[in-house]
Each structure stands twice: as structure tokens, then as C-alpha cells.
Amino acid sequence: MGQARTVHIIQHLEHIPAGYLADYLISEGTQVNLIRAWELDGTCFSNALSKVKTTDSLVVLGGSMNAYADTEYPWLKAVRELLVRRPREKWVTAEDKLAKPTSETESAGKTLGICLGHQLAAVAFGGSVEVGALQPAEKSIIQIQWRPHELSEILNHPRYVFADHNDRVGKVPAQATVIAENKNGVQALSYGENYLTVQFHPEVNEQVLYSWFKESEPENLNTYLEDYSKKQALIAETSRKLASWLVE
Numbered sequence: 001m002g003q004a005r006t007v008h009i010i011q012h013l014e015h016i017p018a019g020y021l022a023d024y025l026i027s028e029g030t031q032v033n034l035i036r037a038w039e040l041d042g043t044c045f046s047n048a049l050s051k052v053k054t055t056d057s058l059v060v061l062g063g064s065m066n067a068y069a070d071t072e073y074p075w076l077k078a079v080r081e082l083l084v085r086r087p088r089e090k091w092v093t094a095e096d097k098l099a100k101p102t103s104e105t106e107s108a109g110k111t112l113g114i115c116l117g118h119q120l121a122a123v124a125f126g127g128s129v130e131v132g133a134l135q136p137a138e139k140s141i142i143q144i145q146w147r148p149h150e151l152s153e154i155l156n157h158p159r160y161v162f163a164d165h166n167d168r169v170g171k172v173p174a175q176a177t178v179i180a181e182n183k184n185g186v187q188a189l190s191y192g193e194n195y196l197t198v199q200f201h202p203e204v205n206e207q208v209l210y211s212w213f214k215e216s217e218p219e220n221l222n223t224y225l226e227d228y229s230k231k232q233a234l235i236a237e238t239s240r241k242l243a244s245w246l247v248e
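Residues 1 to 248 (the working numbering) are what the sequence shown spells out, left to right.
If you're looking for bench data, these hints aren't it; they were derived computationally from the structure.
For clarity, every value in this text was computed on a predicted model and none was experimentally measured.
None of the hints are false.
Label-pair distances were calculated between CB atoms; the ranges are:
(1) Asn156 - Glu81: 29 to 37 Å
(2) Ala233 - Gly29: 19 to 27 Å
(3) Glu89 - Gly126: 14 to 22 Å
(4) Ser244 - Asn33: 15 to 23 Å
(5) Ala69 - Lys230: 29 to 37 Å
DSS-like mimics (lysine-lysine), calculated; alpha carbons at most 27 Å apart, straight line:
(6) Lys51 - Lys90
(7) Lys77 - Lys51
(8) Lys51 - Lys241
(9) Lys139 - Lys231
(10) Lys139 - Lys241
(11) Lys139 - Lys214
(12) Lys241 - Lys183
(13) Lys230 - Lys183
(14) Lys230 - Lys139
(15) Lys214 - Lys230
(16) Lys241 - Lys90
(17) Lys171 - Lys139
(18) Lys53 - Lys90
(19) Lys53 - Lys241
(20) Lys231 - Lys241
(21) Lys77 - Lys53
(22) Lys231 - Lys214
(23) Lys77 - Lys171
(24) Lys77 - Lys90
(25) Lys183 - Lys139
(26) Lys90 - Lys171
(27) Lys183 - Lys171
(28) Lys241 - Lys230
(29) Lys231 - Lys183
C-beta atoms are modelled at their ideal positions from N, C-alpha and C, and glycine is treated no differently.
Between the sequences and the hints, there should be enough to build the whole structure, so can you do that?
This is how it looks when you write it as C-alpha cells:
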């Protein structure tokens with residue numbers, strides 16, 4: 001892992017935690033600040049977000065709600081506002097009105113959006129999300145294709161990933177570059193060298209997977225578990241690479 005850097009993780013629902021990602025960060029001694037959004041009122045949530053510095057890294061996890069569900073989940077608006085303010089390039093300067101650094105030049109923190117986090121960022125930057133577009137849902141192990149890009153190189157182009165979603169990014173924001181996709185749509189976007197969002201779930205370990213299946217009770221459960229076990233090592237390695245990237 002790299003230099004000491006705090007990583008803030010916004011978790012939307014209790015049964016959708018950071019899994020492998022948190023495990024790797026904590027095992028390397030990274031300072032992790034978990035923001036459990038559903039437990040906080042508006043004031044407390046705003047206070048929590050105000051502590052996310054430009055030089056810190058940020059992870060926005062997935063959730064079963066859609067990216068527009070502000071009425072039922074009022075913190076989503078604040079998350080979108082934070083996502084659009086985040087630095088997108090490696091360096092921030094005193095002239096950067098979004099950065100407000102403590103020195104003339106600092107290394108900016110990274111931003112990672114996962115599933116819902118990927119969709120929230122797309123909406124925040126002026127794109128759109130197609131709610132319920134995938135019927136049936138894109139679920140379990142899927143194949144994706146990567147385009148040449150610095151961030152896809154960092155992840156070593158994992159061909160197989162775990163997905164669980166009905167919604168997908170429709171209109172890609174002008175600020176974003178598609179770096180991975182498949183027949184069901186966009187799978188990863190880069191908003192700059194320090195800003196990555198993915199539709200899939202690199203964080204899902206066995207414990208998280210079982211909790212999800214307990215919630216949804218899918219058909220062909222044994223097939224899902226068998227497919228996951230075959231690619232589990234690759235999923236874990238992708239998460240490890242992301243954890244290293246977050247603290248560089």
C-alpha cells in the first residue's frame with residue numbers, strides 16, 4: 001500500500017457493506033471512516049461528509065434503491081453533490097476552487113463508485129440512469145470487455161466480475177470515459193486519473209454474498225454460489241488492487 005491516506009466509505013444499507021475492500025484496507029493499517037448513511041439524520045450526515053477532505057479517498061457503495069430515490073433516501077442528493085465536487089486528477093492546487101488544499105500543491109484523494117455509487121456519479125455529472133432497464137437482472141458472474149486506459153491497466157483488465165443490478169447508466173456524462181462494457185451496457189467509467197466508477201461489485205466476499213442471497217432468495221442458488229467460487233480469487237485480487245489504488 002502507499003502513503004497514509006484516510007478512506008471514507010459511504011454505506012447505504014446494512015446488508016451491503018464494503019466486504020473485501022474494507023478487509024484489505026484495514027489489514028494494511030489504513031484509516032477507514034465508515035459512514036452508515038441510513039443511521040444518520042440530515043445534519044449528522046452533512047457533518048460526516050464535511051470531514052471528507054480533498055486529499056482523502058472516498059468510496060460510495062451500492063444499494064438496492066435507485067439513483068433518483070431522494071424522497072425515501074434523502075441522503076442521496078448530498079452524496080451526488082459530494083461526488084461532483086471530488087477531484088478528478090492526481091494533483092490539486094491552491095487555485096482549484098474545489099480543492100481548498102492546505103499547501104500549494106497536494107496529492108488528491110481517489111474516488112471509487114460501486115454499483116449505485118457508479119450510477120449516482122453519472123447522474124451527478126449530468127448523465128442518466130435507466131431504472132429497471134435489465135429484466136431479468138444482471139446477476140452473478142458476468143464477462144466484460146475493457147478498453148485501453150490507465151485505470152483498466154491498474155486493475156489488470158479482469159474479464160470476470162460479480163454483478164447484481166437492474167438499473168444501468170443510460171446517458172454517459174460528457175466528463176466521463178467508458179473503459180469497460182458488455183452487452184448490457186456500461187460497466188466502468190473514468191472521470192479522470194483519480195476517479196473511477198464500476199457497475200459491478202469487486203467488494204463481494206462470501207459473507208456478503210450469503211447475506212444478499214438470504215435477502216433475495218434467488219432461483220438456482222447453488223449455481224450462483226458455484227459460479228462465484230470459481231472466480232472468487234479473481235474478485236478478491238481486483239478488490240486488493242482497488243484498495244492499493246485508493247491509498248496511493
